[in-house]
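Novice: Next come the chains, spelled out residue by residue.
2 protein chains.
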Amino acid sequence: MAKRARSRSTNTGNGNSRLKVRDKRTLGQLRNLADGVVTAANRSRDPYVDIPTRSLSNVKYSPRKRIIEMGKNTNRRQLFNLSQAKSYMQTMLVGSGCKRLIEQGKTLSIRGLYYMLKHQIEGTKENTFEEQGECDTVIEDTEVLLDSLREELHLYADKRGDMVGNITLIDSGDEIDCSRMGSGGYAIPSIVEPEVIQFDRKKTTAKFVLHVEKGTVWQRFNEDKFWKKHNCILTHGAGQPPRGVRRLLNRLHSELKLPIYCVLDNDPWGYYIYSVIKQGSINLAFESKRMAIPEAKYLGLRSVDYSRCDLSSSVTIGLTDNDRKRAKQIASYAWFEKKKPWQREIQMMLDNGFKLEVEALISKDISYVTETYVPERLRKRDWLD
Amino acid sequence: MAKRARSRSTNTGNGNSRLKVRDKRTLGQLRNLADGVVTAANRSRDPYVDIPTRSLSNVKYSPRKRIIEMGKNTNRRQLFNLSQAKSYMQTMLVGSGCKRLIEQGKTLSIRGLYYMLKHQIEGTKENTFEEQGECDTVIEDTEVLLDSLREELHLYADKRGDMVGNITLIDSGDEIDCSRMGSGGYAIPSIVEPEVIQFDRKKTTAKFVLHVEKGTVWQRFNEDKFWKKHNCILTHGAGQPPRGVRRLLNRLHSELKLPIYCVLDNDPWGYYIYSVIKQGSINLAFESKRMAIPEAKYLGLRSVDYSRCDLSSSVTIGLTDNDRKRAKQIASYAWFEKKKPWQREIQMMLDNGFKLEVEALISKDISYVTETYVPERLRKRDWLD
Numbered sequence: 246m247a248k249r250a251r252s253r254s255t256n257t258g259n260g261n262s263r264l265k266v267r268d269k270r271t272l273g274q275l276r277n278l279a280d281g282v283v284t285a286a287n288r289s290r291d292p293y294v295d296i297p298t299r300s301l302s303n304v305k306y307s308p309r310k311r312i313i314e315m316g317k318n319t320n321r322r323q324l325f326n327l328s329q330a331k332s333y334m335q336t337m338l339v340g341s342g343c344k345r346l347i348e349q350g351k352t353l354s355i356r357g358l359y360y361m362l363k364h365q366i367e368g369t370k371e372n373t374f375e376e377q378g379e380c381d382t383v384i385e386d387t388e389v390l391l392d393s394l395r396e397e398l399h400l401y402a403d404k405r406g407d408m409v410g411n412i413t414l415i416d417s418g419d420e421i422d423c424s425r426m427g428s429g430g431y432a433i434p435s436i437v438e439p440e441v442i443q444f445d446r447k448k449t450t451a452k453f454v455l456h457v458e459k460g461t462v463w464q465r466f467n468e469d470k471f472w473k474k475h476n477c478i479l480t481h482g483a484g485q486p487p488r489g490v491r492r493l494l495n496r497l498h499s500e501l502k503l504p505i506y507c508v509l510d511n512d513p514w515g516y517y518i519y520s521v522i523k524q525g526s527i528n529l530a531f532e533s534k535r536m537a538i539p540e541a542k543y544l545g546l547r548s549v550d551y552s553r554c555d556l557s558s559s560v561t562i563g564l565t566d567n568d569r570k571r572a573k574q575i576a577s578y579a580w581f582e583k584k585k586p587w588q589r590e591i592q593m594m595l596d597n598g599f600k601l602e603v604e605a606l607i608s609k610d611i612s613y614v615t616e617t618y619v620p621e622r623l624r625k626r627d628w629l630d
Numbered sequence: 246m247a248k249r250a251r252s253r254s255t256n257t258g259n260g261n262s263r264l265k266v267r268d269k270r271t272l273g274q275l276r277n278l279a280d281g282v283v284t285a286a287n288r289s290r291d292p293y294v295d296i297p298t299r300s301l302s303n304v305k306y307s308p309r310k311r312i313i314e315m316g317k318n319t320n321r322r323q324l325f326n327l328s329q330a331k332s333y334m335q336t337m338l339v340g341s342g343c344k345r346l347i348e349q350g351k352t353l354s355i356r357g358l359y360y361m362l363k364h365q366i367e368g369t370k371e372n373t374f375e376e377q378g379e380c381d382t383v384i385e386d387t388e389v390l391l392d393s394l395r396e397e398l399h400l401y402a403d404k405r406g407d408m409v410g411n412i413t414l415i416d417s418g419d420e421i422d423c424s425r426m427g428s429g430g431y432a433i434p435s436i437v438e439p440e441v442i443q444f445d446r447k448k449t450t451a452k453f454v455l456h457v458e459k460g461t462v463w464q465r466f467n468e469d470k471f472w473k474k475h476n477c478i479l480t481h482g483a484g485q486p487p488r489g490v491r492r493l494l495n496r497l498h499s500e501l502k503l504p505i506y507c508v509l510d511n512d513p514w515g516y517y518i519y520s521v522i523k524q525g526s527i528n529l530a531f532e533s534k535r536m537a538i539p540e541a542k543y544l545g546l547r548s549v550d551y552s553r554c555d556l557s558s559s560v561t562i563g564l565t566d567n568d569r570k571r572a573k574q575i576a577s578y579a580w581f582e583k584k585k586p587w588q589r590e591i592q593m594m595l596d597n598g599f600k601l602e603v604e605a606l607i608s609k610d611i612s613y614v615t616e617t618y619v620p621e622r623l624r625k626r627d628w629l630d
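Just so you know, the sequences run in chain order P and U. Numbering (the numbering used here) for the first sequence: 246 to 630. Numbering (the numbering used here) for the second sequence: 246 to 630.
Hints may be right or wrong, so weigh each one.
As the list makes no split between identical chains, a pair holds if one copy fits it or if it spans any two.
Capping the alpha-carbon separation at 20 Å, the derived lysine to aspartate or glutamate pairs in EDC-like fashion look like this [what the hints assert, rightly or not]:
| # | residue 1 | residue 2 |
| --- | --- | --- |
| 1 | 584 | 566 |
| 2 | 370 | 555 |
| 3 | 609 | 376 |
| 4 | 448 | 422 |
| 5 | 542 | 621 |
| 6 | 448 | 419 |
| 7 | 448 | 420 |
| 8 | 331 | 371 |
| 9 | 583 | 295 |
| 10 | 609 | 367 |
| 11 | 470 | 419 |
What the hints contain is simulated information worked out from the structure, not anything from laboratory work.
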């Protein structure tokens, strides 16, 4: 693969040459990391790396960009420091593992990388990693350190979520027409970077993306051919959308300029999913700039839907103490705090004393959500922002 | 839809006409159920239904058919019996809900059906159902009562699992060429009955199915284009495969005569997944005849792989007490009990004192599992049965 692509990427949809350019950049960053060690050693100085701090204290909401960002704090990790030597070694190990993957043109799950790197350190009884969690932390460190998404390091998490609709894309050289994907749909991959997935703009007529929370709700929309009637793309993320789905939504929005509308449950978890799609997650704030979609809209369910849609009390689910606690936390997030409609929304759920699942609309009619609820909200441009 | 299909199905791949035939049968069974009530009432007798007992005591392994089957015990559910009246009502309610779905040509998630049927009974403060679990039980009752899979009742569960490989199928009229599905793959739907999915035998060249446990492992096999090199189909079920995946494997085996090879973790959970694919599950024994694949082979991982593949102790995971308990339970299943290779397999895991994930093979080489492990097992016809 390396030999085939000699020219610089021209963004023509040639996966291999683009891969090469991006990989070159990532490899360069990995080499810089290693060179730092050599340079320090040559000068008889202690090798170290300064890793941006991934903690709540170093995360803030940028009102201008409308995403969660990391601050400038870093933690120094030194080789010659008893409490830091192991994590220093682990950082280098992850770096070398990713280098191997990129050079071989292969990708691996984070579980796979853990197994690849785990071994007993020669002459000791110590393992390089004891648990997956240790390795995951270092992977995240490496991402921020190199300013590379883990997908650029050739790593992936489990995949979930499907897509159908009026879009044609190229996935690893195969043309996928998402308007001809039957009842099953196209399974959204873990890695949807431009090297893997290119959009065919000419064959893509969709005007917006409808993102729903659950696969079962997605099936209802697909069966009713909502995407055909409304000329859109239909996605779901099986709950909290995994990175692949979030990144794909981001690319559909930023590259194809498609609005993203979310249909989620009227509960703290639904609010939270929206918040992560919109502004990014606190844990992984460094990826917000390529994952978050500040313009994403929350179409529903809303607390007002109980009376607005004339739902029966039998389809409500009482809030638990934990729901109330989470709702208040979310209401105090910087990005919700200053929005009166959101404060009213969350307060009304607390006043209602119950939550509502999207499926509750089925009590009106099997296709109420696809034929009435969503079309009406769209027509009236009635959503939360 | 009903009007379009007048002739009996001729198995020509016309989804609508086939749907009609199958739906007619299911509707007939639902009407019989309702007629029973009317007949009893007309004769001034107590209405009742006899529901096959879904408990361990009424489940047995058939050595001849090599699947788990239900016995002949039934429970009578009477309308004029204080303790049974509610579940009698619920059974009729589920029956009428499914009738509505079939007549409208729509399908619904089991969560959706619960919401559709849940309401306060007029003049009381009693709800028809309090919780999803109540409704699920009655759905299962209705399945056995009518000898219909829930998919035939137009109900579906959440979907998981993907497919790629040398097979072309028709899903709801769309031709899906699974050899051109990129890195994402075709998302296996919940309902894969012949009305929805038809195989294109001419365009399907695959010689077998490789089913792996996890999506991340599936991605490794897909990236290495294992299915292309070995002319096969590659599936996963994101852990314990959901009904859609099991039914699809069953159809691939029974209709296309493809052998099914499973690559699962070397732990009690992996053994259990294999056992469900092969003989069916105890809970849902009545569906075994259309779900189970007695000829499915267990390709690995095996307990012997630790020494056979020369793995390092650092990739082993110690057995917990619960693992040991589960392993002994599984060893005593009727369908494993008489098979010496399986008894040796499970005993060796207990003797090893550890389990092994498929990903542990990555410690040998990133593509060891796709380029060495599985090809060797297949070539040597080395599997457990």
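Novice: Now tell me if each hint is right for this structure.
Specialist: Evaluated hints:
For the homomeric pair residue 584 and residue 566, neither the shortest alpha-carbon distance inside one copy (24 Å) nor that between copies (52 Å) is at most 20 Å. Taking CA atoms no more than 20 Å apart as the test, residue 370 paired with residue 555 passes between copies only; the shortest distance there is 19 Å, against 66 Å inside one copy. For the identical chains of this complex, residue 609 and residue 376 are inter-copy neighbours only, at 19 Å across copies versus 49 Å inside a copy, given an alpha-carbon limit of 20 Å. Taking identical chains as interchangeable, the C-alpha atoms of residue 448 and residue 422 lie at most 20 Å apart whether they share a chain (9 Å) or sit on different chains (19 Å).
Taking CA atoms no more than 20 Å apart as the test, residue 542 paired with residue 621 passes inside one copy only; the shortest distance there is 15 Å, against 52 Å between copies. Both within a single protomer and between protomers do residue 448 and residue 419 lie at most 20 Å apart by alpha-carbon distance, with minima of 14 Å and 17 Å respectively. Taking identical chains as interchangeable, the C-alpha atoms of residue 448 and residue 420 lie at most 20 Å apart whether they share a chain (11 Å) or sit on different chains (18 Å). In this assembly of identical chains, residue 331 and residue 371 lie within 20 Å of each other by CA distance solely inside one copy; the values are 10 Å within and 61 Å between copies.
Taking the shortest alpha-carbon separations for residue 583 and residue 295, neither the intra-copy value of 35 Å nor the inter-copy value of 60 Å comes in at or below 20 Å. In this assembly of identical chains, residue 609 and residue 367 lie within 20 Å of each other by CA distance solely across copies; the values are 17 Å between and 66 Å within a copy. Proximity of residue 470 to residue 419 under the C-alpha cut-off of 20 Å is restricted to the inter-copy arrangement: shortest distance 13 Å between copies versus 24 Å within a copy.
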